[in-house]
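S.K.: Residue numbers (the numbering used here), protein chains in the order written: chain U, 127 to 421; chain E, 13 to 356.
It is possible that some hints are incorrect.
Unchecked claim - Among chain U residues calculated to face chain E with C-beta under 8 Å, some are:
no., residue
1, 270
2, 272
3, 273
4, 307
5, 311
6, 314
7, 360
8, 361
9, 372
10, 382
11, 387
Stated by the list, open to error - Covered stretches of chain E (chain U as the covering partner; in silico rule of three or more C-beta atoms under 8 Å from a C-beta of chain U):
no., segment
12, 44 to 58
13, 167 to 176
These are calculated hints, taken from the structure and not from any lab test.
Ideal Cβ positions, reconstructed from N, Cα and C, are used throughout, including at glycine.
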Amino acid sequence: MSAAALSLTGPARDARVAGLLSRRRKLVDGLVKLLCIAATAMGLALLASILFTLLFRGVSALGLHVFTDITRPPGSNGGLLNAIVGSLVQTMVGAAIGTPIGLMVGTYLSEYARTSALGNAVRFVSDVLLSAPSILIGLFVYTILVEPFGGFSGIAGCVALAVIVVPIVVRTTEDMLRLIPTELREAAVAVGAPKWRVIVLICYRAALDGIATGVLLAVARVAGETAPLLFTSLGNLNWSLSMTQPMSSLPVTIYQYAGSAFDDWVDLAWAGALLITFGVLALNIVARVVLRPRA
Amino acid sequence: MKLISTALALTLAAFTATAQAQQITGAGATFPAPVYAKWGEAAKAAIGIELNYQAIGSGGGQNQIINRTVDFGASDAPVDAAKLEQNHLLQFPTVMGGVVPIVNLPGIDANKLKLPSELLAEIYLGKIVKWNDPKLVEANHGLPLPNLPIAPVYRADGSGTTFVFTSYLSAVSPDWKAQVGAATSVKWVAGNGAKGNDGVAATVKQVKGGIGYVEFAYATQNKLTTTQLRNKAGHFVAPTPAAFIAAANAGDWKGAANYAVNLIDTAAADAWPIVSPTFILLPTNPQDVTHSANVIRFFDFAYKNGGDIAKSLDYIALPAAVQDAVRSSWRSEIKGPDGAPVWK
Chain U
127 MSAAALSLTG
137 PARDARVAGL
147 LSRRRKLVDG
157 LVKLLCIAAT
167 AMGLALLASI
177 LFTLLFRGVS
187 ALGLHVFTDI
197 TRPPGSNGGL
207 LNAIVGSLVQ
217 TMVGAAIGTP
227 IGLMVGTYLS
237 EYARTSALGN
247 AVRFVSDVLL
257 SAPSILIGLF
267 VYTILVEPFG
277 GFSGIAGCVA
287 LAVIVVPIVV
297 RTTEDMLRLI
307 PTELREAAVA
317 VGAPKWRVIV
327 LICYRAALDG
337 IATGVLLAVA
347 RVAGETAPLL
357 FTSLGNLNWS
367 LSMTQPMSSL
377 PVTIYQYAGS
387 AFDDWVDLAW
397 AGALLITFGV
407 LALNIVARVV
417 LRPRA
Chain E
13 MKLISTALAL
23 TLAAFTATAQ
33 AQQITGAGAT
43 FPAPVYAKWG
53 EAAKAAIGIE
63 LNYQAIGSGG
73 GQNQIINRTV
83 DFGASDAPVD
93 AAKLEQNHLL
103 QFPTVMGGVV
113 PIVNLPGIDA
123 NKLKLPSELL
133 AEIYLGKIVK
143 WNDPKLVEAN
153 HGLPLPNLPI
163 APVYRADGSG
173 TTFVFTSYLS
183 AVSPDWKAQV
193 GAATSVKWVA
203 GNGAKGNDGV
213 AATVKQVKGG
223 IGYVEFAYAT
233 QNKLTTTQLR
243 NKAGHFVAPT
253 PAAFIAAANA
263 GDWKGAANYA
273 VNLIDTAAAD
283 AWPIVSPTFI
293 LLPTNPQDVT
303 HSANVIRFFD
313 FAYKNGGDIA
323 KSLDYIALPA
333 AVQDAVRSSW
343 RSEIKGPDGA
353 PVWK
């Protein structure tokens, strides 16, 4: 506060101080706003530059052969067909294994064990699993499915992805079911519906959009996972759909090709990165726009 | 729901699909992955064996074959004899390759800079910090060495390439051997780390005055600025396939236990001093005799027919005498449960 303001007395001094304070507040407000805008711009610029680089490098590498030919040695102009199909199969089977489990756990937490000690314990464990590094999940599946059975396999990759899907689906299912008003359940019970019917016919129906969004986001999350697949499905240079053999996947192929000496492998890595990014982006858009909860 | 049932149907279909009978799976070193992939393509057409080789790194290759999760492991660094014995593994070499220094010096072309070996060690020890250091100028008369700080770049990830490079520095510099030593990852004294050959190459490219080391194939494919090195015989040599072959021929293959031959800093007059074989690890007590036999058939095919393929990808094929020695090791050491050799 300046000396001039302090030399005044009475109401004039108060007005002067208020004026100075308000000017300072406005200044700080403006400054913070500017910082926020700068931070947002930086985040958006990063995202834009990632997408732009991907488009720039990926589109030029994209061709029909990427979708029709399998991975080949350097210089043979191979494609990514086995990796694309392998990724699709593992993601879908992983989601198919993980979704029902997550759905049932989420239902249990919301409908049967909202406040019980067991419910809280399950919720805590699920939340811990949600933030567990995915490489640990890969190692876990390695020790239970790869080492004892003497080999890497597609099914081990699916199980690893399923373990990642479960806690995501648990969280969204529980959150969505909790949003449903108790009155709705009471109304159903009042007309004589047993609890399971209330859950299946009333709660699930009301929360369907939210739960479906959760499943799609879980699929989007596991579609880009490399770490859990490195130790489980390993990767495969050849065409193989066998669940007991190593299976190829896009993220692992990108991981191995991106740093190689050969231009055609590096190009394929970019093409693969483009495919994954836009696949995941499309899933996110579908989840957010098409399945947006009706107001 | 529909999604789930479709996925389930797909799973069932995948489970019932029969696996290819002739598939063999290997994992390990990144360095030979391109040549193994190319050999695999040729072998599939010629002898019907489908190779799936995954480059997960030398350390991973050793662990996976010890755990018997793959048919064979691959490693750039040789495994010591006790560990091989304990885990019932046979080690044999497949191809050789060189490691080469790369630099970023304005106005200096590939293979013009001459690096006496002890100076390379001093650069990585942080003792020589400027490109116009009198010792470097003395070795490079007439070359416009700039007044730039030297920015050494090393592999931050564990790497067989680092093992080979630090083995070389240990061989030529007692200081390096005492202070740092040779391993797949070491405690670096000077410089900055980068991941993979590509990371090192990119960092060197960005920093004027940068120096790094990469596999020869990586340097050739990406037209990087390599340097000459002074070898044990005192000659400056450029990294060429001929210089690698000279080193390979100078190696004491017969005297090396488990084929762990040392091709670093050989005495041959025109040998490149940083050359190393890469190895395969194969169980001597295979659980699945057919798979084991197929792995051997594959590498036998690769020895016979893979030389040109290796050359086209800047790798060096094994001398014929070594190939024959490996063949007799296969016969004498790899036996099925009935005691009969797996491969005849």
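S.K.: The structure should be examined with respect to each hint, and the outcome stated for every one.
M.R.: Okay, the hints, checked on the actual structure:
Here the hint on residue 270 of chain U is broken, as its CB sits about 13 Å from the closest CB of chain E, past 8 Å. For residue 272 of chain U, the interface hint holds, the least distance from its beta-carbon to any beta-carbon of chain E being 6 Å, beneath 8 Å. Hint status for residue 273 of chain U relative to chain E: holds, with the closest Cβ pair at about 6 Å, below 8 Å. Interface restraint check for residue 307 of chain U: the shortest CB-CB distance to chain E comes to about 25 Å, outside 8 Å, so the restraint is violated.
Given hint, residue 311 of chain U at the interface with chain E, is violated; its Cβ is 23 Å from that chain's nearest Cβ, farther than 8 Å. With its C-beta approaching chain E no nearer than about 22 Å, residue 314 of chain U sits outside the 8 Å limit, and its interface hint is violated. Contact between residue 360 of chain U and chain E, as hinted, is supported at the beta carbon level, the nearest pair being about 5 Å apart and thus within 8 Å. About 5 Å separates the beta-carbon of residue 361 of chain U from the nearest beta-carbon of chain E, less than 8 Å, and the hint is met.
Nearest Cβ of chain E to the Cβ of residue 372 of chain U: about 6 Å, under the 8 Å cut. The hint holds. Given hint, residue 382 of chain U at the interface with chain E, holds; its Cβ is 5 Å from that chain's nearest Cβ, closer than 8 Å. Hint status for residue 387 of chain U relative to chain E: holds, with the closest Cβ pair at about 4 Å, below 8 Å. Counting residues of the segment 44 to 58 of chain E whose CB falls under 8 Å from any CB of chain U gives 7; the rule of at least 3 is met.
A stretch counts as covered by a chain when three or more of its residues have a beta carbon under 8 Å from one of that chain; for the segment 167 to 176 of chain E and chain U the count is 0, and the coverage is violated.
When each numbered hint is compared with the structure, violations occur for hints 1, 4, 5, 6, 13.
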